[in-house]
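Using the sequences and the accompanying hints, generate a full structural model.
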Amino acid sequence: MTLLRTLAIAIALGLGGLAVQAAPLRIVIDQGVIEPLPFAVPDFIAENGGAAEYARNIARVVAADLAGTGLFREIGPEAFISGVTSFDAPVAYNDWQAINAQALITGAVQASGDQIVVKFRVFDVFSGQQLGEGLQFAGTPQTWRRMAHKVADAVYSRITGEGGYFDSRVVYVAESGPKNQRLKRLAVMDYDGANIQYLTDSSSIVLAPRFSPNGDRVLFTSYASGFPRIYVMDVGSLAVRALDEQPGTMTFAPRFSPDGNTVVFSLEQGGNTDIYAMDIGSGRLQQLTNAPSIETAPSYSPDGSQIVFESDRSGTQQLYIMSASGGEARRISNGAGRYGTPVWSPRGDLIAFTKQNEGRFHIGVMRVQGDEERLLTASFLDEGPTWAPNGRVIMFTRETAGAGGQAGLYSVDISGRNLRQIVTEGAASDPAWSPLLP
Amino acid sequence: MTLLPKAILLVAVLGLAACNNPDRYGAGGVDPNATAGAGIDTTGLGDPNNPNSVAYFNQTIGDRVLFAVDQSNLSDSARNVLAGQARWMTSNPDYAVIIEGHADEQGTREYNLALGARRASAVQNYLISQGVSAARLRTVSYGKERPLEVCSVEACYSQNRRAVTVLSVGAGT
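Same order as they appear, the protein sequences are chains A and B. According to our numbering, the first sequence is numbered sequentially starting from 1. According to our numbering, the second sequence is numbered sequentially starting from 1001.
Just so you know, these hints were derived from the structure itself, not from any lab. Among the hints, erroneous ones may be present.
[As the list claims (entries may be wrong)] Per the computed footprint, the stretches of chain B lying under chain A, defined by three or more beta-carbons under 8 Å from a beta-carbon of chain A, are:
hint: 1; segment: 1103-1114
hint: 2; segment: 1120-1126
hint: 3; segment: 1135-1149
Just so you know, even glycine gets a beta-carbon here, dropped at the ideal spot from N, CA and C.
Dropping the structure here:
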């Protein structure tokens, strides 16, 4: 990914279609990074008494979001030559140029009772102009982090031309206890690990939660009945119901269709596992594969017309794509080793997967046609990729070896750069990213 | 941030009563899945010298069979163990059985669930072929969720690729 200051290309920015005239501030993500873009975020201006803490904290979260992408590098306040004293005062471009802050983000916060209002501007320091128009968000004091993420998403979008992903949540499995008696419960957190909330207790093993397309429900597998079975939880009320009640079967690996009306999953009966789809409203069940091999880990294409899944019909785990109504499947994985847990990118262009080869596990991506395979990670055990809402970042589970082995959540850019651990309260596995919040 | 009050208790509807195999998950194993009404009965295993005791089944006949990497076919020694299990079940018709399939950690979660189910099913089919009523047998897969041994080398993996026959009183016949 290159960080490019492109020359004299007018770019229509998302907000208001403003055209920037010369040497716009721009990161072109697909070009192999040379160096992250330096930016400065002075504390936002507190426009009244109650706003001081929010003004400082929001600026810190914006900075952390941008720096956390690996595409940006923060220049800290110790380097600043001049401060920002008023949201509407003219920007002293020379002072920011002198410390090589290419982007400057200023903002202001008003707090009144149960509402805070955040406004911000982005400046292209070396062009000496504002990048896009100022924006403001309003919310309750409890949602100040979300407002910070929304500011950072807007800045990220304006500079990269891509959608953001900071105002999003991740549902995952929180783990505790020794390896042979692991306790597991569902949890949800902001994408950066803040605001952890537990959704179930740990009385039953729970596995692989998945958000609905608008984030209102979570599918997961639980052993609450003594047997693995799929449940759906309403995120608002935490009410849970079983998706499927067929005795003598085991159901697992569920995912929603893009319209949220269908669940595709694996159903095991008599030792054989195939893929089924269930219409949630009517409960109507449709069998999509019918083979003596293992068919599992189905994931819809963003338009809902196709499903990528794994099967060992060739003798080892490999990736296949079929129509969402089932039928003939074409194999897309062709490299050495075994491929599992395919997930279709929200942009539709790539499939993320887990690969096992020569005793190592990898997270990788390939194009939908199966070509241009790229392995992004390698370790004793990496598995279960999930896509950020903008299709630029993948989160996954990494587990360490041995009796004291622990699972944790990691993220990596689809370039393979910027591998980082998401700090959780304890061990964690099976992350699933929400869409961008409304 | 709001930490919501104690979450959902999913209701257990396991139709079987006490599971008579305290160490199926590992040394001193307590089934963390056990919910109300499905507690482990560690006192009811009986005298291991009594061939009709659960202790005799678990220890002398053998309650488990092992599998090769990524395989679910039964070895000759596994068949011998299962034939012994079937004879015991025939003489002790009051017991119902859950066959638990397991995998080692070298695999993805979903695939290992399916693989564990294949292993449990292979055992179930063999017990049926030896005359055990299908109505007494259920299967469940734990995939890689409940290893018996916790090291990350083949010596442990080989013990984790298993199907364990767990006896329960109270349902079955």
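Structure-based check of each hint:
1. 1103-1114: n = 9 at 8 Å, threshold three: holds.
2. 1120-1126: Contact hint for the segment 1120-1126 of chain B vs chain A: holds, 5 residues under 8 Å.
3. 1135-1149: holds (count 10)
Figure legend: structure checked against the earlier numbered hints; every hint is met.
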